[in-house]
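First to last, the protein sequences are chains A and B. Using this note's numbering, count along the first sequence one by one with no gaps and you end on 670. Using this note's numbering, count along the second sequence one by one with no gaps and you end on 670.
I should point out that these hints are in silico values taken from the structure, not numbers from a laboratory. A couple of the hints might just be wrong.
Pairs count within a copy or across copies, as identical chains cannot be separated in the list.
Claimed, not checked - Taking lysine to aspartate or glutamate pairs in the DMTMM-like style, the calculated list, with each CA pair at most 25 Å apart, reads: (1) 658 with 669; (2) 658 with 564; (3) 658 with 567; (4) 658 with 634; (5) 658 with 604; (6) 658 with 590; (7) 658 with 526; (8) 658 with 521; (9) 658 with 527.
Spelled out from the first residue to the last, the chains are:
2 protein chains.
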Amino acid sequence: MAERLFLEDLVAGQRFVSASFTVSAAEIVAFATQYDPQPFHLGHDEAADSLFGGLVASGWHTAAMTMRKVVESVPTAGGIIGTGGELRWPRPTRPGDVLHVETEVLEVTPSRSRPERGMVTVRCVTLNQDGEAVQTFVPKLVVPRRPAPVDG
Amino acid sequence: MAERLFLEDLVAGQRFVSASFTVSAAEIVAFATQYDPQPFHLGHDEAADSLFGGLVASGWHTAAMTMRKVVESVPTAGGIIGTGGELRWPRPTRPGDVLHVETEVLEVTPSRSRPERGMVTVRCVTLNQDGEAVQTFVPKLVVPRRPAPVDG
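Required output: the full structure, derived from the provided sequences and hints.
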């Protein structure tokens, strides 16, 4: 993460892979208690009877944990600033899952109205220990151009 | 929230409005510390120089707070189970913002392969005190059909 990447440093096909991390039942329940208090995210007895057949993480928890790893693994200048995108949860995150995030640059588009920056479309895929995607997100990121050298 | 709504109870145009809530700087920083540790979400001095000109909430924090309000205000049977959708943050959430969520049913589609349920597309718009959207999300929700009465 020493070198920050500007718009000119990014090309379609470039990839970034995060470190792995393990998701605990306690974290799943803590997040859900605050933001998504439903039986299948809280570990209540009803969780076993739900569509999921047991405790699963809120999709928003998967998204938040993913963001942490994107911030750690994608060294764009100015940070990770997204305006949104298509978000999918193909399968749930379960306690004990070991996740990591793979980010690929899809498209780099200099801004016509803002010469100092551009938009970069990326695909962030959050994978579990079996290589299955628990989340895909395809955001557009705002990335600055490299500042011109100062004359003199 | 007394009566839960099944697929048959939902029609395009139906709307649900959540209670309002105020977002504090402390909550913004607490969420970001755990999930999105970037200067403009942590209240560091650099926040003033960022694209945002000050402390703003992580988009994922706005999303998580929105989910809480959707869970509280949209009484679908079986809970709120989404498979994903298009997520947009047209402007950031700032400390002191008073938000609420308005959810509108866009489309109700019975499943062909799963007679006991269907998909409901909704638009969830998170609005601030000035009536400006800080988030829009258009997910597909899995909603059960009303169980058939048992004969006898």
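| Intra- versus inter-copy proximity for residue 669 and residue 658 (alpha-carbon distance at most 25 Å) | neither (33 Å within a copy, 54 Å between copies)
| task | Using 25 Å as the alpha carbon limit, work out where residue 658 and residue 604 are close: within a copy, between copies, both or neither. | result | Both, since 10 Å and 12 Å are each at most 25 Å.
| When no copy is specified for residue 658 and residue 567, does a C-alpha distance of 25 Å or less occur within a copy, between copies, both, or neither? | between (38 Å within a copy, 21 Å between copies)
| task | Can you give me the call for residue 658 and residue 590, within, between, both or neither, at a CA distance of at most 25 Å? | result | within (18 Å within a copy, 30 Å between copies)
| task | Can you give me the call for residue 658 and residue 521, within, between, both or neither, at a CA distance of at most 25 Å? | result | Within one copy only: 21 Å inside a chain, 40 Å across chains, cut-off 25 Å.
| message | With identical chains, the pair residue 658 and residue 526 could be close in the same copy or across copies; at 25 Å between alpha carbons, which is it: within, between, both, or neither? | response | within (16 Å within a copy, 37 Å between copies)
| query | Under a CA distance limit of 25 Å, which applies to residue 658 and residue 527: within one copy, between copies, both, or neither? | reply | within (16 Å within a copy, 37 Å between copies)
| How would you classify residue 658 and residue 634 at a CA-CA limit of 25 Å: within, between, both, or neither? | within (16 Å within a copy, 37 Å between copies)
| message | I want to check one pair: residue 658 and residue 564. Are their C-alpha atoms no more than 25 Å apart within a copy, between two copies, both, or neither? | response | Between copies only: 23 Å across chains, 38 Å inside a chain, cut-off 25 Å.
In this structure, only the earlier hint numbered 1 is contradicted, and the remaining ones agree with it.
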